[in-house]
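Participant: These are the residues of each chain, in order.
Number of protein chains: 2
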Amino acid sequence: MAKIKCVISYDGTNFSGLQIQSRERTIQGELEKALAKIHKGVYVKVHPSGRTDKGVHAKAQAVHFESDYNLLPGEWKRALNAMLPPDIHVNKTEEVSPSFHARFDVMEKEYRYYILNESEPDVFKHYYVYQYPHTLDIVKMQEAGIYFEGTHDFTTFSSAKASVKGSKVRTLLEVSCHRDGSCIEFVLRGHGFLYNMVRIIVGSLLEVGRDKLTPEEIPYLFEQKDRQMAGDTVPPQGLYLWNVRYEETENSQ
Amino acid sequence: MAKIKCVISYDGTNFSGLQIQSRERTIQGELEKALAKIHKGVYVKVHPSGRTDKGVHAKAQAVHFESDYNLLPGEWKRALNAMLPPDIHVNKTEEVSPSFHARFDVMEKEYRYYILNESEPDVFKHYYVYQYPHTLDIVKMQEAGIYFEGTHDFTTFSSAKASVKGSKVRTLLEVSCHRDGSCIEFVLRGHGFLYNMVRIIVGSLLEVGRDKLTPEEIPYLFEQKDRQMAGDTVPPQGLYLWNVRYEETENSQ
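Taken in sequence, the protein lines are chains A and B. For the record, in the first sequence the residue sitting at position 120 is 120 according to UniProt numbering, with numbers rising by one throughout. For the record, in the second sequence the residue sitting at position 44 is 44 according to UniProt numbering, with numbers rising by one throughout.
Source of the hints: derived by calculation from the structure; they are not laboratory data. Treat the hints with caution; some may be incorrect.
Mimicking DSS-like on lysine-lysine, the simulated pairs with C-alpha atoms at most 25 Å apart in a straight line are [said to hold, decoys possible]: (1) B:161 <-> A:125; (2) B:125 <-> A:33; (3) B:33 <-> A:125; (4) A:54 <-> B:3; (5) A:125 <-> B:225; (6) A:59 <-> B:125; (7) A:168 <-> A:125; (8) A:40 <-> A:59; (9) B:161 <-> A:54; (10) B:33 <-> A:92; (11) B:125 <-> A:125; (12) B:225 <-> B:161; (13) A:54 <-> A:140; (14) B:33 <-> B:3; (15) B:54 <-> A:125.
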């Protein structure tokens, strides 16, 4: 059996998220359908680096699968793209060691979040950014971002509905934002993320940007371990899983 | 009764075209639903400048409706946008004379068509451009465009399925194209267009760009009055109704 790692991009607009669900159009579902066609009807399970929610996009998601077919890595890319719908694209395929696992071997994930900071909505950007009309103090948001970097218990900044029983301690390497015209880009990099963590951190940075919260209050919010204290969960369409890094590959892009 | 003209934009991706159809999500259907909400359940008919197909977008489509409600034009814009889904947006509303008709009074329409001339597809552009991997000779396409300008019988360059019984003579004011990096933009302006005419002209220009047809052959194709002689109908997602001009308004943008 060969183990194949794929780097894929997808437009999450018309998917009910990554994870397979009966009667819903999902990224995993479309990938497994394409693999079954290639394997003459035999089911091949797809293992992603992690889930993404309905409406969330990916520039470079990573998945792996196993196959007893002997295709060259470039042939896997061509074969899959020929079978996949146009809103999923395989950017790269490579054979990896039998011990590789797309989820358990993740070293670092990068997410980006995009805000269109304008009063008039743009229908052509609706599925790809969060249109936010209020004036924002970017410098204060940047100051607040630094308080999220490092190792913390992220209970306050993750979904209270999360089923994770274990530790909510995670390490973030970067939480930054910058403005380019009316577009605001957030970059969040870390070893791992809890459910809704990116969207709640961005929502909290927006509270700082509107002077409803000060950067200096962030450590107090961490201490409270109370989801209610943080900002709203911003909508999914501004969120992109931007990159997933592994030890054995230089750069998964 | 006041007659209100609206300039609207829409992302055609998740609509089954403009014209109302039972059980399908359409632009006219959503506009009439919003107007019925504003008018406490009373049906208000929407008259567009013309139809657009499933997947076709609009930057500045024009529609009119009549109402016995006395709102200021700016209030109509706010009321409609509050009721409309995020993939339709009212850019402008104004009261027009009782004799105005969004379809019959059109002086000029402008369409644009966008091609992504790259070998690798971009999932985030799939619903908004036509990804076309072949090398194109833009200068020859520009030369060919000039043969479409002026008054011609467009039978060769319109859908054979069109139900139009009358004349197929139309006047085009501009058929141009230019390249900006890997994006190719086509601009077509005219007094009126037949069904699929923009998409068949663009498809024919692509044949010229690939040296399958010469610019000098275009007059011969017009003479044949045979749809089979022209290029393919390019897909809807690259097409934008860009502007609709009327005598009584300076610029409908």
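Participant: Could you run down the list of hints and mark each one as holding or not?
Facilitator: How the hints compare with the structure:
Between residue 161 of chain B and residue 125 of chain A, the direct Cα distance comes to roughly 34 Å. Violation of the 25 Å bound is thereby established for this hinted pair. Under the criterion of a C-alpha separation no larger than 25 Å, the hint pairing residue 125 of chain B with residue 33 of chain A is consistent with the structure, at around 23 Å. At most 25 Å may separate the alpha-carbon atoms for a hinted pair to count; residue 33 of chain B and residue 125 of chain A meet this at roughly 23 Å. Of the supplied pair hints, the one linking residue 54 of chain A and residue 3 of chain B is violated, its CA atoms being roughly 41 Å apart against a limit of 25 Å.
Taken as a hint, the residue 125 of chain A and residue 225 of chain B pair is broken in the structure, with Cα atoms around 41 Å apart against an allowance of 25 Å. Proposed proximity of residue 59 of chain A and residue 125 of chain B is supported: the alpha carbons are some 12 Å apart, at most 25 Å. Simply put, residue 168 of chain A and residue 125 of chain A have alpha-carbon atoms about 34 Å apart, too far for the 25 Å limit, and the pair is violated. A C-alpha spacing of about 29 Å is found between residue 40 of chain A and residue 59 of chain A, which places the hinted pair above 25 Å, so the restraint is violated.
Of the supplied pair hints, the one linking residue 161 of chain B and residue 54 of chain A is violated, its CA atoms being roughly 39 Å apart against a limit of 25 Å. Restraint check for residue 33 of chain B and residue 92 of chain A: the C-alpha separation of about 45 Å exceeds 25 Å, so the hint is violated. For the proposed pair residue 125 of chain B and residue 125 of chain A, the alpha carbon gap of about 11 Å is at most 25 Å, so the pair holds. Of the pairs offered as hints, the one joining residue 225 of chain B and residue 161 of chain B holds, with about 14 Å between alpha carbons and a cut-off of 25 Å not exceeded.
Simply put, residue 54 of chain A and residue 140 of chain A have alpha-carbon atoms about 31 Å apart, too far for the 25 Å limit, and the pair is violated. A threshold of 25 Å between alpha carbons decides the hint, and for residue 33 of chain B with residue 3 of chain B the separation of about 18 Å falls inside it, so the pair holds. A hinted pair counts as satisfied when its Cα atoms are at most 25 Å apart, and residue 54 of chain B with residue 125 of chain A qualifies at roughly 19 Å.
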